[in-house]
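Assemble chain B onto chain A, guided by the hints.
Chains as they are written, first to last, in the working numbering: chain A, 5 to 528; chain B, 5 to 528.
Calculated from the structure, these hints are not laboratory results.
Some hints could be false.
Any copy, or any two copies together, can satisfy a pair, since identical chains are not distinguished.
Each computed DSS-like pair below joins lysine-lysine, with the alpha-carbon atoms no more than 27 Å apart [as the list claims (entries may be wrong)]: (1) Lys358 x Lys410; (2) Lys61 x Lys210; (3) Lys289 x Lys90; (4) Lys15 x Lys356; (5) Lys15 x Lys511; (6) Lys356 x Lys90; (7) Lys289 x Lys139; (8) Lys139 x Lys90; (9) Lys119 x Lys490; (10) Lys358 x Lys385; (11) Lys356 x Lys385; (12) Lys370 x Lys90; (13) Lys490 x Lys356; (14) Lys284 x Lys410; (15) Lys61 x Lys410; (16) Lys210 x Lys385; (17) Lys490 x Lys511; (18) Lys119 x Lys139; (19) Lys15 x Lys385; (20) Lys119 x Lys410; (21) Lys511 x Lys90; (22) Lys511 x Lys358.
Protein chains: 2
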Amino acid sequence: MQLTGRQYIGKRSSNEGVDLFTAYNPMTGEALECHYGEATAQEIDAAVVLAETAFVKYREINNESRAVFIECIADEIMALGELLIKRAMDETALPQARLEGERGRTVGQLRLFAKVVREGSWVDARIDPAMPDRKPLPRSDIRQMLRPMGPVAVFGASNFPLAFSVAGGDTASAFAAGCTVVIKGHPAHPGTSELVFRAMLNAVEKCAMPDGVVSLVHGVGHQPGMQLVQHPLIQAVGFTGSFRGGNALFDLANARQVPIPVFAEMGSTNPVFILPGALKDRGEKIAEGLAASVTLGVGQFCTNPGLVLVEANAATAFKSVLANEINANAGGTMLTAGIRNAYSGSLDRISKTKDVSVLSEGQPAKSSAGVSAKIFTTSVKALIEYPELAEEVFGPSSIVVEASAKEELIEAARVLEGHLTATIHGTAEDLQDYQELIGILERKVGRIVINGFPTGVEVCHAMVHGGPYPATTNSQSTSVGTNAMKRFARPVCYQDFPDTLLPAALKQNNPLSIWRLVDGEMMR
Amino acid sequence: MQLTGRQYIGKRSSNEGVDLFTAYNPMTGEALECHYGEATAQEIDAAVVLAETAFVKYREINNESRAVFIECIADEIMALGELLIKRAMDETALPQARLEGERGRTVGQLRLFAKVVREGSWVDARIDPAMPDRKPLPRSDIRQMLRPMGPVAVFGASNFPLAFSVAGGDTASAFAAGCTVVIKGHPAHPGTSELVFRAMLNAVEKCAMPDGVVSLVHGVGHQPGMQLVQHPLIQAVGFTGSFRGGNALFDLANARQVPIPVFAEMGSTNPVFILPGALKDRGEKIAEGLAASVTLGVGQFCTNPGLVLVEANAATAFKSVLANEINANAGGTMLTAGIRNAYSGSLDRISKTKDVSVLSEGQPAKSSAGVSAKIFTTSVKALIEYPELAEEVFGPSSIVVEASAKEELIEAARVLEGHLTATIHGTAEDLQDYQELIGILERKVGRIVINGFPTGVEVCHAMVHGGPYPATTNSQSTSVGTNAMKRFARPVCYQDFPDTLLPAALKQNNPLSIWRLVDGEMMR
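Looking at chain A on its own, in the form it has when it is part of the complex (with noise of 0.2 Å):
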């Protein structure tokens, strides 16, 4: 398959643009293969309108065909076979397992996806009956049920080339939601998106979905973003990236004349909470996983531990373990000179933070983007007097802060802002004497985990990958995991309708079988 360069509005590739872009391999600087256009207005304006009429159509379309569909797309993805993993290793600098396992964990959420379609009962159906001899007025027959909200703007991630760019979470949400989706490819992988997007194409010509159910256009600057997120037919925005990234278009959405929800997974800095007595038991091995996690995938996960919070008197031995470790650390590949960039910018400007030192480095890597690991220690003072080493750092780096006493490991809990996740490793003594702290971080975060690391984010139905602002602009939401597809979705009631009239879900006689919450209670 030779790739094209080209926009593609629907089934219907596009080639306005006059400004030119390339990937670059991060191992070797060069450029890549394929020159792509920066979408013009005329191309972004016309996939938004497609997707809108597309909309009419696909919304419509029932449970097991839209199920299909999904599953279809999982298929088509593993059908490119090489061809795919080889792109993205050229354009990431990601290793073939990493891609492959990543492959793997796209094309099972697509079918996750498709299964909770296909069963149904996500739509929140719920029944109250007619009352007509009530007093004193009767009661009306009452139904609601969630439904999909129209064109979604996706944008691609840099971290994770499939799972959450072209065909990941956002799109399979909004398609098992029933939304259309224009997705704006990452500059970074311009080429993954592409072939992802024609394996897309592949799975609507053969199930014959409507055209514009899915586009893709590509782009640099900021442009092509901005005019999607701001066009009127556009009803919702799925983004991971970046705090300033996610935040303008938050921004721009509450400034459009009809704001819409901005779903925004900006990263944070996830602090681990490490317990004396299980530093005293097994900080050794603790300091081992945590090495391995700040240093998975060259530190690019938005779980990635970049807070490290110990009471300083138990802490010594961990610390020389994970010095260690850090220090034998190979470093690996950014995914862009750019992310290697702002990485150095960000170790800059914390080794310049008065009472910060440098615990341990690691080895750098011989490569174009290459970087090595690193970790600071400093005190909780200093993080409450210099909150931006809160701040996440996207790459191999962590700070381990150190407490005098409780007293101070509760307080730095207390100053933290939002994050996604939150760890705390305790013996069972410890996570009792300390409960207090759960109660803080159940408040500070989207996700608390019991000895284990935040990084690898499971994809299931119980997943909250999200939680208070800056982490995302909307804590109410997950972008990992099933209750992702709720994100594009709305209530919609349905007072005394005739029957034949309602949603499937909705009609009297339950034909779908799902559960329903009639007059309150649950039932199928």
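Chain B in isolation, oriented as in the chain A frame:
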């Protein structure tokens, strides 16, 4: 019980403000007994800080105690007896029967929410059990449930002095979700607010709830409300009122250092489509029902039908009966002189719009804030050319918009902005012929009513009182019905927690016997 005119910082009353205001009797225009202070910055800060302290305790209170507290509020409101109804009549000019009905709705709402809290399944508990032997990677034990967000700011509405004011739907939702509340009372009925608040304080006392679980501040100016929304400890906002007010709070909340969700229900025009067969079969009867709906409560409902869409050639008899009904209407007294003035201003604006004529006007009520009902007619063409005709007029008024044919009626639906409700009157044949209309309206409103009227919003499990902007600032929520409590909660995920540390809703043996999604299967 003597009114005090004071702010309530939890149980402590306070009187720092130097600016005083009174309520006015809209019947007579006379100032009512008791001066209320404009809450000072210190008082508001104290109320929010106390709400935060109380939240840390209140969020941990078990379902049964929380339900008993909410039920006790209902009992205490009833115990106020005639005193409450009398003061509310004086402050709002709403008739006794209406206020007694609204009181019934208010306590019914509290009791329904208590029932849902006691049952417990509303928290959407989800459990994905660990798979230690899964290949290539084991799965952790992952659980999620909804948790309360923190102190909530609630703004009392003018038009529901009981059901959407101090102990109304927003406060009931917040208490049910486990949040504490600081209420900004509506300045048109401060005495009603104080009485209801003190009933709540009795419940706080009797149920030994933490001091500060609820506070009440007053103010005529914008400052107290703005300060409340901007306070860093406030986590969410519930508001029912004007577009201007709600939108201003939405903008303020988004401009905070940490933005918070604003659930503002800002009213709408609630279009009613009357299809040709229905017009022919029972146009007169629909006209009678519509006149009653337009003038109900002096038109002071968010769901008041302000736009009526018909095909001109079938509408003659309907218009004639509607004109007579409105002409015979005795008018009524609005909630405040300001609201009366705004109503007059809106009528003037519509009267002066090109291609709009008066169909009929009712009799004026002989009271200080008295008004008469008024119906206009215009064409779909004019509605499209002058979209401000679709803006809400708060009062007993409506515009009959005539289409030349089916296509124009459908076109009118397409150009609608977001509304709370839409209504379709049609015969079985009409509904078949105009099925497209339902598809369009599903994307424009929160609730579609068939062969009924939009006024009369049932408090039940399936109600959606919400809709796309500008009807609300959050189309994914409802402010009426039991789903309203989800506005003030967000999902938190617990990974690999020991059973003892899990919230009761997530413990392995399901001690609350609630419905949970376990590995994707609903079970209890």
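Hints broken by the structure, by number, lowest first? 3, 4, 5, 6, 13, 16, 19, 20, 21 and 22
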